[in-house]
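Chemist: Under the UniProt record's numbering, the first residue of the sequence shown carries the number 1, and numbering increases by one thereafter.
Simulated from the structure, these hints should not be mistaken for lab results. Where hints are given, some of them may not hold.
Unchecked claim - Here are the simulated distance ranges between beta carbons:
hint : residue 1 : residue 2 : range
1    : 509       : 402       : 26 to 32 Å
2    : 166       : 127       : 37 to 43 Å
3    : 59        : 150       : 43 to 49 Å
4    : 514       : 228       : 34 to 40 Å
5    : 547       : 231       : 29 to 35 Å
To be verified - Simulated pairs of lysine-lysine, BS3-like, Cα-Cα distance not exceeding 27 Å:
hint : residue 1 : residue 2
6    : 411       : 528
7    : 411       : 552
8    : 185       : 411
9    : 328       : 350
10   : 266       : 328
As the structure is a computational prediction, the values presented were derived from the model and not from experiment. Every residue gets a Cβ at the ideal spot worked out from N, C-alpha and C, and that includes glycine.
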Amino acid sequence: EERDFTLDLSAFHHQQRDLSFLDDAFTLQEVWSTIKNMPLDKAPGTDGFTGRFYRCCWDIISSDVLLALAAIHRDDVVLFVRPSRDDLLMIMDILDCFGHASGLRANLNKSSAVSIQCTEDGNNLILGTLSCKDSKFPTTYLGLPLTLHKPSKSDLLSLIDKVADKLPGWKAQLLNEAGRLAIVKSVLSAVPIYLMIAMDLPKWVIKSIDKKRRSFLCKGHGQAHGGNCLVSWTRVQRPLMYGGLGIHDLQRLGWALRIWWLWLLKTDDSRPWAGLPIQVPRNARALFDMAVVTTVGNGESTNFWTDRWLQGKPVAELAPYLLNAIPKKIVKRRIVSQALINRSWVTDIKGALTVQVLREYLLIWDLVDEVTLQDGVQDQHQWKFSSSGTYSSRSAYLAMFMGTINFSPWKRIWKSWAPPNSMFFIWLAILNRCWTSDRLAKRGLPHQSACIFCDQEEETINHILTSCVLSREVWTRVLSSLNFAWVAPPTSASRFNSLWIEATRSIPKQLQNGFNSLVFLVSWELWKHRNACIFEGRRSDLQAVLCSVTAKGSLCRTETCD
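The whole structure should be built from the sequences, with the hints applied where relevant.
Modeler: Structure representation (C-alpha cells):
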C-alpha cells in the first residue's frame, strides 16, 4: 500500500531488505521448531515447566501458547483529550498521519473511550466522533487501576489473586524449606512490585499477601498457624546480614521503590511529569531528604529550606524554629537560585520573631553569605547510601534497616559452598529454632526425656551438634582424617556457633571455604541421623554417620571437580 507520509531511510545507504515478515504472527511450525531446540531439563520460565513438558504436552497446550504469543504483540496506548469537537478531530488527524507514515493504523472498533467526569452530551460527542466503544471509569491500564480516588478493595483483590495463582499447589509438598524459600523470594514477592512502584499498597493488601507467603514458606500451602513457623515473620523479612532470610518486607520495599520518583524529580527535569506534585509516603520522603546531599551549582534544582546543601545539612535541621515561622507552601517551592536574589529568603519569614528565631536567622545569614552560585553549572545531587552516588532501590531498602543488630555468621552461612537445605538448617540451628526436646518441653509437647544418641543429657541443638559423645567422636574422626584434629570440639563443648567461629579463625584463609562446607556436611548428617532415630526407630550408629559423611563428601568433591 502506498503511504502519503513515510520515513526516508535511503540516506543511510543500507542494503534494502524485505522485513515484511516481522509483521506476521508466529506460526505453529515456528513455535514447535523452537520448542524442539529447547534443553529437555531446563525451565524457560518461573513456572518450572521444562522443555520435556512442552514436547510431551504440545498437542494439548499448543493453542494456549499461540494465544499468549499473540497477546504479546498487542499495542496499547492511552490518550487524554478534552471532550470538544476540535480536540477530537485533531486526535483523528494525528492518528491518521501516524498510520500513513508508520503503517500502524489505529483500530477504533477495538478501542474504547473512557469518560472521566464528563456530561452525557460530552460522552455522546466522544462516541459519535471517534466511533469506538464506551467504557466506564474507573478502569485498568497496563495492569494498574486508574481512578480519581484511592483504589477500592475490589480493584486490589486481583493482585492478591495473582499471588495465590503462583502457588505451586501439589508440587509444594515435594519441596523442602530451601525450595519454598526460593519460590517466595523470586516469584511470590515479585508479583506486587510492578504495582508498588506506582502506588502505596494498603496495609490489608500487604497483610493478605504476607499471609500467603508465610504459609507457603512454613507449610507449603495457603494456611498455616503460628506453631508451624519456627521464626517470627518480622525476622524472616530482614536482609541476610541482619539475621533474616532476605524475603522482602513489602511495606519497606514499596517505600524504597517510590523514592525513585523523588530522585527522578530531583535529577531529571526532562520527564514529561517534571514539576507535577508527586505523592509518596511520609517515610519515603523522610528517607529521601536524609539520603540526598546537594552541591549547589546554579541552584535551580535545590530546595532552599529542605535540601541538604548547607554544609551537608538542610536549613530545616540547622534552624528548626526559623522553619516554623515560614508557611509550608513557601517551604515546598522556594529554590536556592530564587532565595539568594537580593536575599529574598528573608521575606519568607512570616511568623513571630522570637529569640530562638532571631538567633537561627543570624546563623543562616552567615552560612548563606558564603555560598556563590555558578551560572551554567547544574546542581549535583548525591545519594549517600551507594558508592556511585546514584539512587538504587536496593540501597534505599537496606537503609531502612539501619540500627538493626548485625547477624555475624551470615556470610559463613549464606556464602559457603553448601546445599541450600543445609544452609537453611544451620540458620535455624544458630537461632535455636530447631524442634529439639528442650524446646518441645517448654511448650508442653511430647518429647524425648534425654538425648537419643547418648541417653545422658537433655537434648538441645548445641548438644546434638557439638557436646554429645557421639557427635564429638564424629567430629574428631572426620577432622583427624583431614589433618584438622586441633579444631575438634573439646570435652566441655560450648555453643555450636562459638566453636565454629574459633575453628574458622585457626584455619588458613585459603582453606576456610572448604572447612565451612565440611561443617555444613557433618552438622546436616548428624541432624538427619537424629531424626531417623526418633521418627524411624533406628539405633544411634557412629559408623552409619561416618559412612554417610564420607559418601556425601566424595560426591560433593566429584561435582566440584566436574
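Chemist: Work down the list of hints and note, for each, if the structure agrees.
Modeler: Hints, one by one, checked against the model:
1. 509 to 402: 26 to 32 Å: Taking Cβ atoms as reference, residue 509 and residue 402 lie about 30 Å apart, which means the hint holds.
2. 166 to 127: 37 to 43 Å: Holds, since residue 166 and residue 127 (Cβ atoms, about 39 Å apart) stay within the stated range.
3. 59 to 150: 43 to 49 Å: Holds - the Cβ-Cβ distance for residue 59 and residue 150, about 47 Å, lies within 43 to 49 Å.
4. 514 to 228: 34 to 40 Å: The hint (34 to 40 Å, Cβ to Cβ) holds, given that residue 514 and residue 228 are roughly 36 Å apart.
5. 547 to 231: 29 to 35 Å: holds (33 Å)
6. 411 to 528: holds (24 Å)
7. 411 to 552: holds (23 Å)
8. 185 to 411: holds (19 Å)
9. 328 to 350: Distance of about 11 Å is within 27 Å: holds.
10. 266 to 328: holds (19 Å)
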